[in-house]
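A.B. asks: The lines below spell out each chain.
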Amino acid sequence: MNLEELKKIREKAQKDVELRQKQSRVRIVVGMGTSGIAAGARDVLKTFVEEVGKRNLADVIVTQTGEKGLASQEPMVEVFEEGKPAVVYGNMSPEKAKRVVVEHVVNGHPVSEFAI
Amino acid sequence: MNLVRNHVLISIDAGTIMAGARAVEKALVDEINRQGLAGEIAVLETGSIGATGQGVVIVVYPEGLYYANVTPEDASEIVEEHLLKGRPVKRLIMTEMPRQQVIRKEKTGLLKEQARIVLRNSGVINPENIDEYIAEGGYEGIERAFTELKPAGVIKEIKDSGLVGRGGAAFTTAMKWDFASKAPGDPKYIICNADEGEPGTFKDRLILEGDPHKLIEGMMLAGYAVGAAKGFIYIRGEYALSIERLEKAITQARLYGLLGENILESGFSFDLAVMKGAGAYVCGEETALIESLEGKRGHPRNKPPYPVTEGLWGKPTVVNNVETLANVPEIIRNGAAWYRGYGTDKCPGTKVYTIIGNVATPGLIEAEMGTTLRDIIYEYAGGIKEGKKFKGALVGGAAGAFMGPEMLDAKMDFVNLKEYAAVLGSGAILVMDESTDIVGMLQSVLHFFKHESCGHCVPCRLGTKQLVEIVDRIAGGKGKVEDIESLVKISEVMRDTSFCPLGQSLNLPISSSLKYFRDEVYGRVQQPA
Chain Z
1 MNLEELKKIR EKAQKDVELR QKQSRVRIVV GMGTSGIAAG ARDVLKTFVE EVGKRNLADV
61 IVTQTGEKGL ASQEPMVEVF EEGKPAVVYG NMSPEKAKRV VVEHVVNGHP VSEFAI
Chain D
1001 MNLVRNHVLI SIDAGTIMAG ARAVEKALVD EINRQGLAGE IAVLETGSIG ATGQGVVIVV
1061 YPEGLYYANV TPEDASEIVE EHLLKGRPVK RLIMTEMPRQ QVIRKEKTGL LKEQARIVLR
1121 NSGVINPENI DEYIAEGGYE GIERAFTELK PAGVIKEIKD SGLVGRGGAA FTTAMKWDFA
1181 SKAPGDPKYI ICNADEGEPG TFKDRLILEG DPHKLIEGMM LAGYAVGAAK GFIYIRGEYA
1241 LSIERLEKAI TQARLYGLLG ENILESGFSF DLAVMKGAGA YVCGEETALI ESLEGKRGHP
1301 RNKPPYPVTE GLWGKPTVVN NVETLANVPE IIRNGAAWYR GYGTDKCPGT KVYTIIGNVA
1361 TPGLIEAEMG TTLRDIIYEY AGGIKEGKKF KGALVGGAAG AFMGPEMLDA KMDFVNLKEY
1421 AAVLGSGAIL VMDESTDIVG MLQSVLHFFK HESCGHCVPC RLGTKQLVEI VDRIAGGKGK
1481 VEDIESLVKI SEVMRDTSFC PLGQSLNLPI SSSLKYFRDE VYGRVQQPA
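As given, the protein sequences belong to chains Z and D, one line each in that order.
Under my numbering, the first sequence has 71 at position 71, and the numbering climbs by one with no breaks.
Residues are numbered in my numbering as their position in the second sequence, beginning at 1, plus a constant of 1000.
Don't read these hints as lab results, they were simulated from the structure.
All figures in this text were calculated on a predicted structure; none of them were measured in a lab.
Ideal placement from N, C-alpha and C gives every residue a C-beta, glycine not left out.
Some hints here could point you the wrong way.
[Said to hold, decoys possible] Which bits of chain D does chain Z cover? Going by a derived footprint, with three or more residues having C-beta under 8 Å, they are:
#, stretch
1, 1081-1092
2, 1121-1134
3, 1256-1262
4, 1426-1437
[What the hints assert, rightly or not] Result set (DSBU-like, lysine-lysine): computed pairs, CA atoms no more than 35 Å apart in a straight line:
#, chain 1, residue 1, chain 2, residue 2
5, Z, K46, D, K1090
6, D, K1090, Z, K84
7, Z, K7, D, K1465
8, D, K1248, D, K1385
9, Z, K15, D, K1450
10, D, K1465, Z, K96
11, D, K1026, Z, K98
12, D, K1150, Z, K15
13, Z, K12, D, K1248
14, Z, K8, D, K1150
15, D, K1478, Z, K15
16, Z, K54, Z, K96
17, D, K1465, D, K1489
18, Z, K8, D, K1026
19, Z, K54, D, K1026
20, D, K1480, Z, K7
21, D, K1248, Z, K7
22, D, K1159, Z, K8
23, D, K1248, Z, K54
24, D, K1026, D, K1159
25, Z, K8, D, K1156
26, D, K1156, Z, K7
27, D, K1026, D, K1090
28, D, K1156, Z, K12
29, Z, K46, Z, K98
30, D, K1418, D, K1489
31, D, K1248, Z, K8
32, D, K1418, Z, K12
33, Z, K98, Z, K12
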């Protein structure tokens, strides 16, 4: 190995470590209360994780929260974007999650038809 | 890229392993797999996070939440509630932890982050993965040494940093390296003294367990500076996990070409071997250690010649403590001026301590040189347990000094502690509350020395035996005033005539206990009629 290769390893490794405690631009919060899970929140969360991973979006965090208290709208997802009001989506599905990632997270246009 | 939503760091060190960390780790992984969360939740091992006596400790990121006393039975609750549903398990959240965030820096009176140099990566990175060390700036020091400093520049940088040995003698590191680099003889050797045997001390173990690559890089830099191609890590045999992690780290470094021939195409070759000690306290003394490394009985040698001119197999040898070497990569990477920003003018840098005894949060801390004993006990360790009163502290392990309340505001560094400077080395602070019996403490210290005396020289071999008999008599209520005087006299003769620091250092606990707790000790003997 030479110095150049060491630098490359460092750059790659830094990315991996940063992910753990990263500062995020966008935070996607999936409601994972009992009713949320019953309504399919697990698959929605999985889809967000896959989509964000696929697109290499290093500044996006996917996390989960408990019951929001609006069981009829589950699965519910909130998207927090730096410097913008939070957007709450209801009745989410894996397909809808894919659109939210593309339109909202990547391109910055909230998907108004899913919002509640 | 596979996005990992949560990272669960499990602190794996000898203490948490005993508390069942491996079983917890397995239970967590099993549960994560069962819930179909594999791939989005990663479980990683890390070193000590600095808390002891709190069972198995885990940290969940990105929240940065600490759980303590976790059992395998808790795994399903943590996975289901926290990792799946996002609801932290409140009953397990660690409430008492050693303070790591902010300390007062007396120089400026400003609040600042805890100065972590040696322990910067411990409890943060996975010590078994060289990439994580590299990500945190690892092996940047060696890069700078090769491209910019060259061997003489490395010694100069260490000299400018003011680094002194953290093993206890507080000898200037740069001077040692300079002597060895100029000493005639080839090959030269670097030895890391990891034979940590002082009772109550485990800081080197936690440095090794938490960040083994830091030591490897420190030894490489030492080797590069003095012109040595081979290094030995003489490590206490009981340190199974440290040994395992070191060996793993060495293998990884070899695979990356960071150890071996022509490192990073610089022309410099260096390799390391780990040697296990067999548990003799005296082998922490550098010349006894060298004898033991050579395969002989661990007896100290006559000095001079010192190891820097005639050490291992009669060749110039640098022997440095783990903590000293762990400072080196950070100094070389960030420069001497940066290092001098920590600690005091005469004693730059930090010191790693293990705090045990009657404190609220025993554990491992790193504080700037010059931090007072009061701050260490009350700011870092949460004060005395159960709101009791501070009676004193045994600083430096068995060969250390007792300190009473009047020493609370003493600045802990090699200059301010003067006659007690040697006790800083091991970094052991055993805090005693008002209910502690000083004679009982002294008794355990002296028994330890009697057991560990190697028998090589008369003063130590016979002296330790006499001291034990006398202290037992005092503890049993049958002592006389003359007995206390004998304790002092014998230990003074031992200090002046013993062959090595083992016998020489015994006077310190005896004289210091009488200095600060005179009335109590005298109150324990039969009063003259």
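A.B. asks: Next, verify each hint and record whether it holds.
C.D. replies: Now the hints, each set against the structure:
1. 1081-1092: holds (count 4)
2. 1121-1134: holds (count 4)
3. 1256-1262: Held - the stretch 1256-1262 of chain D has 3 residues with a Cβ nearer than 8 Å to chain Z, which meets the minimum of three.
4. 1426-1437: violated (count 0)
5. Z/K46 <-> D/K1090: Measuring from Cα to Cα gives roughly 25 Å; hence the hint holds.
6. D/K1090 <-> Z/K84: holds, 31 Å
7. Z/K7 <-> D/K1465: violated, 59 Å
8. D/K1248 <-> D/K1385: violated, 39 Å
9. Z/K15 <-> D/K1450: Status violated; Cα separation ~54 Å.
10. D/K1465 <-> Z/K96: violated, 80 Å
11. D/K1026 <-> Z/K98: holds, 34 Å
12. D/K1150 <-> Z/K15: Measuring from Cα to Cα gives roughly 30 Å; hence the hint holds.
13. Z/K12 <-> D/K1248: At roughly 21 Å apart (the allowed maximum being 35 Å), D/K1248 and Z/K12 satisfy the hint.
14. Z/K8 <-> D/K1150: holds, 23 Å
15. D/K1478 <-> Z/K15: violated, 68 Å
16. Z/K54 <-> Z/K96: This hinted pair holds, its Cα atoms lying about 16 Å apart.
17. D/K1465 <-> D/K1489: Answer holds: D/K1465 to D/K1489 is near 14 Å, not above 35 Å.
18. Z/K8 <-> D/K1026: holds, 33 Å
19. Z/K54 <-> D/K1026: holds, 29 Å
20. D/K1480 <-> Z/K7: This hinted pair is violated, its Cα atoms lying about 70 Å apart.
21. D/K1248 <-> Z/K7: With a Cα-Cα distance of about 22 Å, the restraint between D/K1248 and Z/K7 holds, given a limit of 35 Å.
22. D/K1159 <-> Z/K8: Within the cut-off at roughly 32 Å; holds.
23. D/K1248 <-> Z/K54: Cα-Cα ~32 Å, so holds.
24. D/K1026 <-> D/K1159: violated, 47 Å
25. Z/K8 <-> D/K1156: holds, 29 Å
26. D/K1156 <-> Z/K7: holds, 26 Å
27. D/K1026 <-> D/K1090: Distance ~22 Å between D/K1026 and D/K1090 Cα, so the pair holds.
28. D/K1156 <-> Z/K12: Given pair D/K1156, Z/K12 holds - Cα atoms ~32 Å apart, limit 35 Å.
29. Z/K46 <-> Z/K98: Roughly 11 Å separates the two Cα atoms, so the pair holds.
30. D/K1418 <-> D/K1489: Since the Cα atoms of D/K1418 and D/K1489 sit roughly 22 Å apart, the hinted pair holds (cutoff 35 Å).
31. D/K1248 <-> Z/K8: holds, 22 Å
32. D/K1418 <-> Z/K12: Not satisfied, since the Cα-Cα distance of roughly 48 Å exceeds 35 Å.
33. Z/K98 <-> Z/K12: holds, 27 Å
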